[in-house]
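Since the structure of chain L is provided, determine the placement of chains A, Y and B with the ligand on it from the hints.
Residue numbers (the working numbering), protein chains in the order written: chain L, 251 to 816; chain A, 286 to 518; chain Y, 819 to 903; chain B, 819 to 903.
Heads up, some of the hints might be wrong.
[What the hints assert, rightly or not] Straight-line C-alpha distance at most 25 Å; calculated DSS-like pairs for lysine-lysine:
(1) L:Lys499 <-> A:Lys303
(2) B:Lys903 <-> Y:Lys830
(3) B:Lys830 <-> Y:Lys869
(4) L:Lys574 <-> A:Lys303
(5) B:Lys897 <-> Y:Lys903
(6) L:Lys660 <-> A:Lys496
(7) L:Lys499 <-> A:Lys313
(8) Y:Lys897 <-> B:Lys897
(9) B:Lys903 <-> Y:Lys903
(10) Y:Lys830 <-> A:Lys436
(11) L:Lys762 <-> L:Lys325
(12) L:Lys499 <-> L:Lys433
(13) B:Lys830 <-> Y:Lys897
(14) Y:Lys830 <-> B:Lys869
These are calculated hints, taken from the structure and not from any lab test.
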Amino acid sequence: MTPEEAGLDTKEWEELKSALKREPNDLELRMVGVMWSEHCSYKSTRSLLASLPKDGPYVIAGEGENAGVVRLNHKLGLAFKVESHNHPSAISPYEGAATGVGGIIRDILAMGARPVASMDGLFFGSSDNSRNRRISSGVVRGIGGYGNAVGVPTVGGLTIYDQCYDENPLVNAFCAGILELDKACSSKTAKPGMQVLILGARTGRDGIAGAAFASTGLSGDDGANKPQIQIGDPFYEKLLIEACIELLKEGKIQAMQDMGAAGILSSTSEVAHKSGNGIDIHCEKIPLRETMEPWEIFLSESQERMLLVCLPEDIPYVEAVAKKWNLECALVGEMTDTGFYRVFNRGELLAELPVGILGGDSPVKNWPSSPPKRSASIKTSRSLNAEDVVTELLRVMQHPSMGDHSWIYKQYDSMVQLRTLLGPGNPVAALWIEGAGTVVFSMEANPWICAQDPFNGTALVTALSIRHLSVAGADPMGITNCLNFPSPEIPEQYWELEESVKGLATAARELKCPVVSGNVSLYNESPTSRIMPSPLIVSAGFIPEGINPLPPKPSSNDEGLEVFLV
Amino acid sequence: MKVAVITFPGSNCDQDVKLAISKSINAKVNMIWHTDSTLDKYDLVVLPGGFSYGDYLRPGAMSARSPVMRAVREHAHRGCLVLGICNGFQILTEAGLLKGTLLTNRSQRFICSPCWLKVETNQTPFTCLFNPAEPVQFPIAHGDGMFYLPKEELDDLESSGRVVFRYVPPPGVEPEGWENPNGSLNNIAGIINEKGNVLGMMPHPERATLKRLGDTYGTMLWRSIEHWLRGGI
Amino acid sequence: MLYTLSVLVRPKDGVLDTQGRAVMSTLREMGNHSVVDVSVGKFIRLTLESKDEESAVEAAKAMCRDLLCNEMIETFTIKVGDVSK
Amino acid sequence: MLYTLSVLVRPKDGVLDTQGRAVMSTLREMGNHSVVDVSVGKFIRLTLESKDEESAVEAAKAMCRDLLCNEMIETFTIKVGDVSK
Ligand SMILES: Nc1ncnc2c1ncn2[C@@H]1O[C@H](COP(=O)(O)OP(=O)(O)O)[C@@H](O)[C@H]1O
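Next comes chain L alone, as it looks inside the complex (with noise of 0.2 Å):
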């Protein structure tokens, strides 16, 4: 294994090397390379994301944890965040898909949170081709499979159709959870001699070096990139819900990581490093499907594993609850004072890294910037008369994001768990939560206003989110976003990024709701095409308890009523 094959160039190879004070040893440089890549370090995004306002009356957990999390009233909280599954949809639609669901759960459970909502940003190519409709329909029967078998209802969700995204099909998932705020979870809160747990599926060869692989562009040759792909179980999930739920509510869980990108590594590592502590795992512990080399266990993406940290004195009741759900746990390490990340195989030393290095302090890449240059054909300001209006106002409609997405929505279960007062179809999806009121969603996205000025258009989409909360009465209460972009290695698109990223700060301060969780997706070009500049809003807004919610449907006995433009 090469620097490069790794992932790393020559900097951050100098750097790695200047940090370690020594060559790093194979399983090192592999982990040090997937750890570093974009999908796991945000080196790209890092310094942009950090003018995002964070903080809000409502906010309680947002910045480094698994999803954000709002506060409903002094006992309960909501957390939520949306994620990008592009990748791994574009190369099979249907496990893509559902693992993207799959994984969105397990951050939210992460927090101690029952998840209880989903939702879907989906934009597919308008092409009409038998590669758009194999992703469009696999990618639809793939969150309806995972969502539905699951029991979390899929309440809402946005569709686009635009020819960028043939090539590069977008799978945005998204999910909510509610969680008592005294038995919240936290990666933070993990401390020296606690045991380290995985529970849930065995590891297998699965979606290796997956995050890796979501960090570069599509190669065109989906060959190439097939055993990367992860199979997902809803049924074992379903299962690993119930027993983590079990466990919180008997306080046998002290921090709690899902295993999403880069497995076993990931989360243990972020669990040492946020919780500032060191780290043991013991290879020959961990259950496996088949053998396997050392990197390949700490990389591999099977799912449905949740690590968990616990006393050591409850571990018995632990095995006891994984028993009762036919769940797979075994104990594979500790927590320790050290500071490093350590990783034994059968008493035997095969890594020992500075947890920092793993868990944070990945170098930034600065991209060069620069605005790209205005074709002459866009005008900004065009006088239409009556007659071009009706014409462009009926292209509009017949676009078909426009169109009716019922299709889609139909295969979702939006009704799972009664809370559902308004489900897919509706401006805003509301859901009742007993013994605080009514909680309120709205996503949206519109990459050809982006496309035109990602500042403004990103604003723009996030005034529109916000403002849909308030048409239904809701109080805002806190962002999360999915930046999906094309490569920022080409200065015009890294711009666009920076652009929308101002965008979104700009708006998110003005309308005072800030970014709580979020999630980047960049690459997501092939050699023919690239993605228009598509960052996706969700804003979630509260109606306590006792105030009337949500302006009632619009009727046939409204006739005769007024209509206002505000």
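Chains A, Y and B with the ligand only, in chain L's frame:
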């Protein structure tokens, strides 16, 4: 009144049923784990919806072989009430407690939507308070809901009045050209056993119970059961 | 001894095989007009410990009746070995 | 000429067989402790018009690639005739 709601691995409407029943009638609802082997003293046993065992192999196939099903069978043989909703209906057919089977929807797609039903008979413990002349609305949410039974047995089911719920067009829609949501034979949405104490249905009454969520036709089902158990019909 | 058996489960007759029909119509839409019939069933490969082949087959039969096959709508055949090999 | 072909689709080795895992544990819970492995795949029987066997198999292969099999996670084998007969 005492109600047992069984949780199979992968059940996901178990808590919903509990909530709906507790909000509608005066009943004590207990959750029963699929490995439990006794079900004494319950007036009603509910097999809830969901994807038990992930719907793997055939929906309901594996749950039908779980330990608690022996107790459910004994409970049914004693003449006590059993209600299977959605996946619960699939489990009851797989366990042989109800006739027929539920095949993949004709569209090959999962469908979640409101759905209108005709209550074919109010001569059952589950429907005694319904007015058969008035269609009711319960949502459906399933991928495998196409009721199938070989011809002779189907005729027998019909002639003995064991079809309890049938899909009908929404009010205002002509039956001409209308198709039921999943391709079910004879538009069947719910059936009862010969003894009249085991009901299976694909639509979800618990999703039509809470006022804030919309229609509350489902309440009538819970109240019928309560009424019947008190000795009325 | 370890035996590998192939259980082939098929829908009983064409009427019930909605999946087969759906697959056939998709195949034809994709241009495969030569296809005249499609049936979609299951291929379950069992590996089990048994004293001899005969009792392995008997055990598999029992599992088919008890779980693997719904005889109202499906039929099954058991072959010794992995038929896909 | 009409040809009948059997397409056997199996989860790739190493790929998680979610169904097989669930079926095996139920079979064992039902008392079939001799079972050591279960894999659940598809048995698709195709009937198609073709000039000869070779081109029938070729056509079936193309259909597998295009629709019947997801090669990311599954493998397929084509046998001439109905393997369940
Ligand atoms: N992929 C999807 N998943 C779930 N619901 C969707 C999806 N796409 C659209 N919807 C629902 O369809 C309705 C209309 O969608 P859209 O046209 O994007 O919204 P709007 O015009 O209100 O901005 C919304 O209620 C939305 O929740």
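Comparing the hints with the structure gives:
1. L:Lys499 <-> A:Lys303: Given that 25 Å is the threshold and the Cα spacing comes to 19 Å, the pair holds.
2. B:Lys903 <-> Y:Lys830: 14 Å, holds
3. B:Lys830 <-> Y:Lys869: 29 Å, violated
4. L:Lys574 <-> A:Lys303: Holds. Lys574 (chain L) to Lys303 (chain A) sits at ~21 Å (cutoff 25 Å).
5. B:Lys897 <-> Y:Lys903: 10 Å, holds
6. L:Lys660 <-> A:Lys496: With a Cα-Cα distance of about 22 Å, the restraint between Lys660 (chain L) and Lys496 (chain A) holds, given a limit of 25 Å.
7. L:Lys499 <-> A:Lys313: Cα-Cα ~23 Å, so holds.
8. Y:Lys897 <-> B:Lys897: 14 Å, holds
9. B:Lys903 <-> Y:Lys903: 17 Å, holds
10. Y:Lys830 <-> A:Lys436: 14 Å, holds
11. L:Lys762 <-> L:Lys325: Holds, at about 23 Å.
12. L:Lys499 <-> L:Lys433: 7 Å, holds
13. B:Lys830 <-> Y:Lys897: Roughly 21 Å between the alpha carbons, so the hint for Lys830 (chain B) and Lys897 (chain Y) holds.
14. Y:Lys830 <-> B:Lys869: With a Cα-Cα distance of about 29 Å, the restraint between Lys830 (chain Y) and Lys869 (chain B) is violated, given a limit of 25 Å.
The structure fails hints 3 and 14 (numbered hints given earlier, in ascending order).
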